[in-house]
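**Q** What follows is the residue order along each chain.
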Amino acid sequence: DAGITQSPRHKVTETGTPVTLRCHQTENHRYMYWYRQDPGHGLRLIHYSYGVKDTDKGEVSDGYSVSRSKTEDFLLTLESATSSQTSVYFCAISEGRGLNTGELFFGEGSRLTVL
Amino acid sequence: SQQGEEDPQALSIQEGENATMNCSYKTSINNLQWYRQNSGRGLVHLILIRSNEREKHSGRLRVTLDTSKKSSSLLITASRAADTASYFCATAYNNDMRFGAGTRLTVKP
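Chains as they are written, first to last, in the working numbering: chain X, 1 to 115; chain L, 1001 to 1109.
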């Protein structure tokens, strides 16, 4: 199994509070991603990173920010959580992107409930 | 909006039968990938097929790709109860990778 650890795995929080999810990898892969998974929507990309301090927006980035200060860590922050951000969040990593997009390796997910 | 659309949304079969899932997409692709997700777990990569390939095999898995019809199919032969999971197709094109909503496969023992 790819070395990807997400924390916390489960979190319940209240509307308006900040939340940070952490993804840690031991594979030294360049690309890291945050997806959210909701019933009927599959996985949707929130943000991704192509290197330390290099990030870009995905399909559903509003309300989320990310940071990558080290190769191995990619943080997802909800500055002020809303009920619509209740979801399961997955971190993924890959060696390549673009024309070289290959296999993505996923973490086990972080289930977030915003009350 | 999602790129791949899986069909059917749910499939229930008996152990030993074959399972076929289909994926349709709308734009160009560099490659198409299939993933599996067990309940409560992350996605696991199954197979990747490039846009210039038409068929690929991996164990009991067979994937076909028809770029003229913008569709792919995943065949699992001689299914087992342990194959029960959700299966997702993902299309990769340039810097974009999109997942479908998945097919929920139940294999009854």
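I should point out that these hints are in silico values taken from the structure, not numbers from a laboratory.
It is possible that part of the hints are untrue.
Unchecked claim - Pair by pair, the computed Cβ-Cβ distance ranges are:
hint, chain 1, residue 1, chain 2, residue 2, range
1, X, Pro18, L, Ser1068, 46 to 54 angstroms
2, L, Ala1082, X, Gly3, 38 to 46 angstroms
3, L, Arg1060, X, Thr26, 25 to 33 angstroms
4, X, Asp38, L, Thr1106, 15 to 23 angstroms
5, L, Gly1040, X, Thr82, 21 to 29 angstroms
6, L, Glu1053, X, Tyr50, 35 to 43 angstroms
7, L, Gly1059, X, Gly16, 30 to 38 angstroms
8, X, Thr71, L, Arg1080, 22 to 30 angstroms
9, L, Lys1069, X, Ser67, 41 to 49 angstroms
Just so it is clear, CB atoms sit at the ideal spot from N, CA and C, and this is done for glycine as well.
**Q** Hints first: check each against the structure and report whether it holds.
**A** Each hint tested on the structure:
no., hint, in the structure
1, X:Pro18 <-> L:Ser1068: 46 to 54 angstroms, "holds, 49 angstroms"
2, L:Ala1082 <-> X:Gly3: 38 to 46 angstroms, "violated, 24 angstroms"
3, L:Arg1060 <-> X:Thr26: 25 to 33 angstroms, "holds, 31 angstroms"
4, X:Asp38 <-> L:Thr1106: 15 to 23 angstroms, "holds, 21 angstroms"
5, L:Gly1040 <-> X:Thr82: 21 to 29 angstroms, "holds, 24 angstroms"
6, L:Glu1053 <-> X:Tyr50: 35 to 43 angstroms, "violated, 27 angstroms"
7, L:Gly1059 <-> X:Gly16: 30 to 38 angstroms, "violated, 49 angstroms"
8, X:Thr71 <-> L:Arg1080: 22 to 30 angstroms, "violated, 39 angstroms"
9, L:Lys1069 <-> X:Ser67: 41 to 49 angstroms, "holds, 42 angstroms"
When held up to the earlier numbered hints, the structure conflicts with 2, 6, 7 and 8 and fits the remainder.
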